[in-house]
Every structure is written in C-alpha cells, then in structure tokens.
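Asks: Okay, here's what each chain looks like letter by letter:
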Amino acid sequence: MQIIQPHYHAIARTAQDYERMAMSGVVAVAEPAFWAGFDRRYPETFIDYFRQITEFEPTRAALYGIRHFSWVAVNPKEAENMELTAEVLKAMPEFFQKPTVLGVGETGLHRSTPNECDALQAHVELAMKHDQLVLIHTPHLADKAHGTQRTLEVLAGLNVDPSRIWIDHVEEQTIRPCLDAGYWVGMTLYPITKCSPRRAVDMLECYGTERILVNSSADWGPSDPFTLQECVLEYRRRGHSLQEALEVFHNNPCRFLGQNPKFDIKPLQVSELAH
Amino acid sequence: MLAPQEIVDTYFLEARCMALELGALLDRYDAAVKRCGSPAQDDWKLNRLRQGLSHLAFGDTPMPRTEVLLELFAAP
Chain A
1 MQIIQPHYHA
11 IARTAQDYER
21 MAMSGVVAVA
31 EPAFWAGFDR
41 RYPETFIDYF
51 RQITEFEPTR
61 AALYGIRHFS
71 WVAVNPKEAE
81 NMELTAEVLK
91 AMPEFFQKPT
101 VLGVGETGLH
111 RSTPNECDAL
121 QAHVELAMKH
131 DQLVLIHTPH
141 LADKAHGTQR
151 TLEVLAGLNV
161 DPSRIWIDHV
171 EEQTIRPCLD
181 AGYWVGMTLY
191 PITKCSPRRA
201 VDMLECYGTE
211 RILVNSSADW
221 GPSDPFTLQE
231 CVLEYRRRGH
241 SLQEALEVFH
251 NNPCRFLGQN
261 PKFDIKPLQV
271 SELAH
Chain B
1001 MLAPQEIVDT
1011 YFLEARCMAL
1021 ELGALLDRYD
1031 AAVKRCGSPA
1041 QDDWKLNRLR
1051 QGLSHLAFGD
1061 TPMPRTEVLL
1071 ELFAAP
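Sequences listed follow chains A and B, in order. Quick note on numbering: this note's numbering labels position 253 of the first sequence as 253, and the sequence is numbered without any gaps. Counting from 1 along the second sequence, just add 1000 to a position and that's the residue number in this note's numbering.
These are calculated hints, taken from the structure and not from any lab test. Treat the hints with caution; some may be incorrect.
[Said to hold, decoys possible] Cross-link-like lysine to aspartate or glutamate pairs, in silico, DMTMM-like; alpha carbons within 20 Å at most:
#1 B:LYS1045 / B:ASP1027
#2 A:LYS98 / A:ASP118
#3 A:LYS144 / A:GLU80
#4 A:LYS90 / A:GLU153
#5 B:LYS1045 / B:GLU1071
#6 A:LYS77 / A:GLU19
#7 A:LYS144 / B:GLU1071
#8 A:LYS266 / A:ASP202
#9 B:LYS1034 / A:GLU205
#10 B:LYS1034 / A:GLU172
#11 A:LYS262 / B:GLU1021
#12 A:LYS77 / A:GLU172
#13 B:LYS1034 / A:ASP202
#14 A:LYS129 / A:GLU172
#15 A:LYS98 / A:ASP143
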C-alpha cells in the first residue's frame, strides 16, 4: 500500500530507514525543520540546515525512489531567542522558492512563553504573506492542553485560512477543538510518548478521517518511522477497507500538502493500484 | 541498583504509556458497547483487568503485585 510520511526528520535517520520505508510502501516524506538537540547560536547555522533539507536530503531519498519535501522555520525551543528568530525569518523567503519546500514549519509552542507566542505569530504572518502552508508543533507532555489552547488563541487573532494550517501532535484531549476550528490535525506515533498506533486508530474511529494526518516518529531520540505501518496494520485489522486506509495514510497527506502545487502526488483509488 | 527517585524518573514515561493504553482499551470497549448495543458476552477478561487495576491502585498485600496480577489473570 502506498504511504506518505508527512512529518519525518530525515537528517536524523539512516539510509537503511529510507530503504526499509521504500520496501514497505512509503512513496514520499515531508521534513519539517526541527530542534537539533542543542540551541543553535547563529542564523547562518539555520540557513545551512535549510540547505541540507532542501538540497541534499531530496537526493538521499531519491536513491530509494522516495520523494522528499521540506518545511523551514525556527522550532519552538529556539524561538525563545528573539534576535536569532528575527534573522532566520528574514532568510526564509528565499527557501520558499526551492522546488521541494512546502511551507513554514514546524513553528509552534514549547513552553508557551510570550516570546514563543510572538515567534509563532511572526511565522504564521510570514507564511500568509507568502501564501505558504503552515505546520504547527504543539507542546509535549506537561503543557499539551494549555499550549494547544494558546496556539488556537494566537491563530484566532490572525487573518488565516484554517484549511492551510496543520496543528500537529494532537491527542485525545486536544484533537476536538482543533478540528472544530477548521484546522487540519496530525497525530504523531511514538513508541512511548505522544500517541500510539492503537490510540490513533481509536481517534480515527471517533472523529472520522477528514482533515486528519497520521505521522510516524522519526528523529534523533527514541522514535520509530515504522509506527506508521503499525497504525496501518491496526486500522486494517479492525476491518477498515484498503481504500479507507489509502484515504488516511496517502490521500489525506496529498490533500493537505497538495495545496502547495509543488506537492504533485495525487490521491489514489484502489482500482488504480492494479494498473 | 537504582534509588527510589531514579526508578520513578526512569520508568515514568513507559508506565504512563501503558496506563494510557489501558485507558484507551476501556474507552474502545465502551464505544463498541454503545455501537453494538450490548456488552461482551464473556467479559471475565475485562473484569479481571479492572480488578487488577484496582489492586494496583489500592491493593496493599505482602505479595509482590506482579504475583497477584499473574494469579488474577490466570484462566477462570
């Protein structure tokens, strides 16, 4: 079955992951800019990082027949540094011109500080100005509900089109307000933290499949890109059809990411797979 | 061997994950009962799980908790 990994930090993963993903049906990944595990000091470090994910990483993925797309942003953990954030924001528009960049992400909140909220607003405003999609990270364990609420408040004060914004890492306590406000949401499958494949399927069964994306976990910490395939298996095991699985794990990413014409992979029907 | 605080800090996230999975299982069961209009005909497994959770929360026995649970989860 064709699968798209909508949130995949490829630079932290091996070529073997690409190979195994290709063998298990992954046709495309999208790589948001993220935290390197330490706070970067210089805007130039971000710019080289953006070059890595927009220029080099697509060539690595292509060796395995996987399309690689990316996003650029200052991640929430480093957005506390306002001077750094302002400089990186100035450099981002040149990357919007790259052939595989889909938008601004992952911006968002970590501790929901005033500086983080200002940075989130600046990122979203820049995206709207340049007609870019937006990928928003919501906080981890302790501040999840509050941080998601603050994110919705910040967005409510801006002139945004909710259908072009993806609020990521939702869980049971945060998915409903994000969907109700018209945004796309993402569920992120980690071995221990965030969501699990089974809980993600529970939420798909509870809320339906419209405007919902499912991501694996793929970074430098304890994570597993194949949690997405686990989720496909769980979804199918509960009796959902192959077409329904395609809608969630392939076609929904096409629908959201395809709002940027650079993402040219189209939704599939099962009947087309035989040809 | 680990100190008490180290045990809490080392295993909290893993235990949190297991607790969430148990909560999700019970929510999933309730949703299925609502959807199907009737509970499971043979529900001893679910009852034992609930008893086990209750024991973990409130049980105070000299036996290790794992031994109590293994006996509890043995066939009826």
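Asks: None of the hints should be skipped; say for each whether it holds.
Replies: Outcome of the hint check:
no. : hint                  : in the structure
1   : B:LYS1045 / B:ASP1027 : 15 Å, holds
2   : A:LYS98 / A:ASP118    : 26 Å, violated
3   : A:LYS144 / A:GLU80    : 18 Å, holds
4   : A:LYS90 / A:GLU153    : 25 Å, violated
5   : B:LYS1045 / B:GLU1071 : 13 Å, holds
6   : A:LYS77 / A:GLU19     : 31 Å, violated
7   : A:LYS144 / B:GLU1071  : 38 Å, violated
8   : A:LYS266 / A:ASP202   : 27 Å, violated
9   : B:LYS1034 / A:GLU205  : 13 Å, holds
10  : B:LYS1034 / A:GLU172  : 19 Å, holds
11  : A:LYS262 / B:GLU1021  : 38 Å, violated
12  : A:LYS77 / A:GLU172    : 24 Å, violated
13  : B:LYS1034 / A:ASP202  : 14 Å, holds
14  : A:LYS129 / A:GLU172   : 32 Å, violated
15  : A:LYS98 / A:ASP143    : 34 Å, violated
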